[in-house]
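Participant: Here is how the chains run, residue by residue.
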Amino acid sequence: GENVEQHPSTLSVQEGDSAVIKCTYSDSASNYFPWYKQELGKRPQLIIDIRSNVGEKKDQRIAVTLNKTAKHFSLHITETQPEDSAVYFCAATYTGRRALTFGSGTRLQVQP
Amino acid sequence: DTAVSQTPKYLVTQMGNDKSIKCEQNLGHDTMYWYKQDSKKFLKIMFSYNNKELIINETVPNRFSPKSPDKAHLNLHINSLELGDSAVYFCASSGTGGLDTQYFGPGTRLTVL
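Chains A and B supply the protein sequences, listed in that same order. Under my numbering, the residues of the first sequence are numbered 1 to 112, in order. Under my numbering, the residues of the second sequence are numbered 113 to 225, in order.
The set of hints was computed from the structure by calculation and includes no laboratory data. Just so you know, these numbers come straight off a predicted model, no measurement behind them. Note that beta-carbon positions come from the ideal geometry of N, C-alpha and C, so glycine has one too. Honestly, I wouldn't trust all of these hints.
[To be verified] Taking lysine-lysine pairs in the DSSO-like style, the calculated list, with each CA pair at most 27 angstroms apart, reads:
1) A:K68 to B:K179
2) A:K42 to B:K134
3) B:K179 to A:K22
4) B:K148 to A:K71
5) A:K71 to B:K153
6) A:K57 to B:K156
7) B:K152 to A:K22
8) B:K121 to A:K42
9) A:K57 to A:K68
10) B:K179 to A:K58
11) A:K22 to A:K68
[Stated by the list, open to error] Over 12 angstroms on every C-beta distance to chain B, these chain A residues come out as not near it, computed from the model:
12) P8
13) P44
14) Q60
15) R61
Required output: the full structure, derived from the provided sequences and hints.
Facilitator: Shown next, in the form of structure tokens:
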């Protein structure tokens, strides 16, 4: 089955710096890669996703890149703010599977 | 106008008891899921349903029995609760096909004493 590895497990940055979180997946059939943000005690919420027919997608300060050959994808957050502090999860799935396989999560701390 | 709702939010119970968690979505989605998040924050799929039919059962003990009375509801019944069942259980829903955004419920924190 699919396996998703995520690094780093914790990341501390200064406000205004950039943060990068990386994930690798094992199943070459995977073609949908969402990223979720989970604040303490809250539900995971989608922040951005990418499908395998594109290599990069950007939404304001957040971008995701996908390298299908290497089977890895990354989340980039620029100009970080304290409210970006949360746990971020990458995930992967393929058409018809109807379940996400999540990475182990990255706890991002943005220091004011 | 809550999209995906779950009840109860907290559940504290003794080992050996039976308990249920309810989930409802008003998004008109065809697919619903149960995920388990353990104390280390790992999120893992338990079940997925499409149009009330079980699609995925990820090696979950048969003490866990999901039931979908209609497309908008997916309940989770747990028999003979064990200490290791303590976790946060999230319900989610999405459109058909699996590549649509999954919307999560607020979670149910289950504590087994």
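Participant: For each hint given before, does the structure comply? Return the numbers of the non-compliant ones in rising order.
Facilitator: Numbers 1, 3, 10, 13, in rising order.
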